[in-house]
Amino acid sequence: MTSRGTTPTYTLILPDTVELPDSSKVFVTFSNKDYRKILEKTGSDLTITDGYKIELFLSQDDTLKFPLEHVLVQVNWIKQGVRMASKVKKIATCRNLKEVVVQ
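Per this note's numbering: the sequence shown = residues 111 to 213.
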């Protein structure tokens, strides 16, 4: 579960048969329940290891954009001109009593 306004690091693990290209061709998209994009991370925002593990950091601003209850996440990538996508996953979200950016 992710509290709005926090700074989580997510590790997304695709099947180990996937060989992701470099991070400039990988897109991690977060959306609301109506599939409207809230946030997208790509390139230097992502660290790819073992060819199928993606690590990404979210800022306080990022998670404050998340709706209550849950956010959807999906990985898309382009390899040798072919676009592929992971299954859509749901991440639970919850309210934070201090829903502002804390410096």
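Since the hints were derived computationally from the structure, they do not count as laboratory data.
Take these hints with a grain of salt, some might be off.
[To be verified] Using C-beta positions, here's what the derived DEER-type ranges look like:
1. Pro131 - Leu207: 24 to 32 Å
2. Tyr120 - Glu209: 37 to 45 Å
3. Ile148 - Lys189: 24 to 32 Å
4. Lys208 - Lys135: 18 to 26 Å
5. Asp144 - Gln190: 17 to 25 Å
6. Met194 - Ile148: 29 to 37 Å
7. Lys197 - Glu165: 34 to 42 Å
8. Tyr162 - Leu207: 31 to 39 Å
9. Pro125 - Asn206: 29 to 37 Å
[Stated by the list, open to error] Below, a list of computed lysine to aspartate or glutamate pairs in the DMTMM-like style, where the Cα atoms sit at most 25 Å apart:
10. Lys199 - Glu129
11. Lys197 - Asp126
12. Lys163 - Glu209
13. Lys208 - Asp171
14. Lys189 - Asp132
15. Lys200 - Asp144
16. Lys197 - Asp155
17. Lys197 - Asp160
18. Lys143 - Asp132
19. Lys200 - Glu165
20. Lys200 - Asp160
21. Lys135 - Asp155
22. Lys143 - Glu209
23. Lys189 - Glu209
24. Lys197 - Glu150
25. Lys208 - Asp132
26. Lys163 - Glu129
Just so you know, even glycine gets a beta-carbon here, dropped at the ideal spot from N, CA and C.
Here is what the structure says about each hint:
Separation of Pro131 from Leu207 is about 41 Å and departs from the stated range, judged on CB atoms against 24 to 32 Å. The beta-carbon spacing between Tyr120 and Glu209, approximately 20 Å, falls outside the hinted interval of 37 to 45 Å. Checked against the hint of 24 to 32 Å, the C-beta distance between Ile148 and Lys189 comes to roughly 25 Å, which is consistent with it. Checked against the hint of 18 to 26 Å, the C-beta distance between Lys208 and Lys135 comes to roughly 37 Å, which is inconsistent with it.
Between Asp144 and Gln190 the beta carbons are some 33 Å apart, a value that contradicts the proposed interval 17 to 25 Å. Take Met194 and Ile148: their Cβ atoms lie about 22 Å apart, and the range 29 to 37 Å is violated. Range check, Lys197 to Glu165: Cβ separation about 19 Å, and the 34 to 42 Å hint is violated. Taken as a hint, the range 31 to 39 Å holds for the pair Tyr162 and Leu207, whose Cβ atoms sit roughly 37 Å apart.
At roughly 33 Å, the beta-carbon separation of Pro125 and Asn206 lies within the given 29 to 37 Å, and the hint holds. Only pairs whose Cα atoms come within 25 Å are accepted, and Lys199 paired with Glu129 is accepted, the gap being roughly 20 Å. As the CA atoms of Lys197 and Asp126 are separated by approximately 14 Å, the hinted pair is consistent with the 25 Å bound. Our distance criterion of 25 Å between C-alpha atoms is broken by Lys163 and Glu209, whose separation comes to about 30 Å.
Annotation: proposed proximity of Lys208 to Asp171 holds, straight-line Cα distance about 13 Å (limit 25 Å). Proposed proximity of Lys189 and Asp132 is supported: the alpha carbons are some 9 Å apart, at most 25 Å. Between the alpha carbons of Lys200 and Asp144 the distance comes to roughly 12 Å, so the proposed pair stays at or under 25 Å and holds. Note on Lys197 and Asp155: the hinted pairing holds, with a Cα-Cα distance of about 21 Å set against a maximum of 25 Å.
Taken as a hint, the Lys197 and Asp160 pair is honoured in the structure, with Cα atoms around 19 Å apart against an allowance of 25 Å. Annotation: proposed proximity of Lys143 to Asp132 is violated, straight-line Cα distance about 29 Å (limit 25 Å). Distance hint between Lys200 and Glu165 is fulfilled; the C-alpha atoms sit about 17 Å from each other, no more than 25 Å. Between the alpha carbons of Lys200 and Asp160 the distance comes to roughly 24 Å, so the proposed pair stays at or under 25 Å and holds.
For a cut-off of 25 Å, the pair hint linking Lys135 to Asp155 stands: about 12 Å separates their Cα positions. Between the alpha carbons of Lys143 and Glu209 the distance comes to roughly 21 Å, so the proposed pair stays at or under 25 Å and holds. Only pairs whose Cα atoms come within 25 Å are accepted, and Lys189 paired with Glu209 is rejected, the gap being roughly 39 Å. Between Lys197 and Glu150 the alpha-carbon distance is near 16 Å, which keeps this suggested pair within the 25 Å criterion.
Proposed proximity of Lys208 and Asp132 is contradicted: the alpha carbons are some 37 Å apart, above 25 Å. Between the alpha carbons of Lys163 and Glu129 the distance comes to roughly 9 Å, so the proposed pair stays at or under 25 Å and holds.
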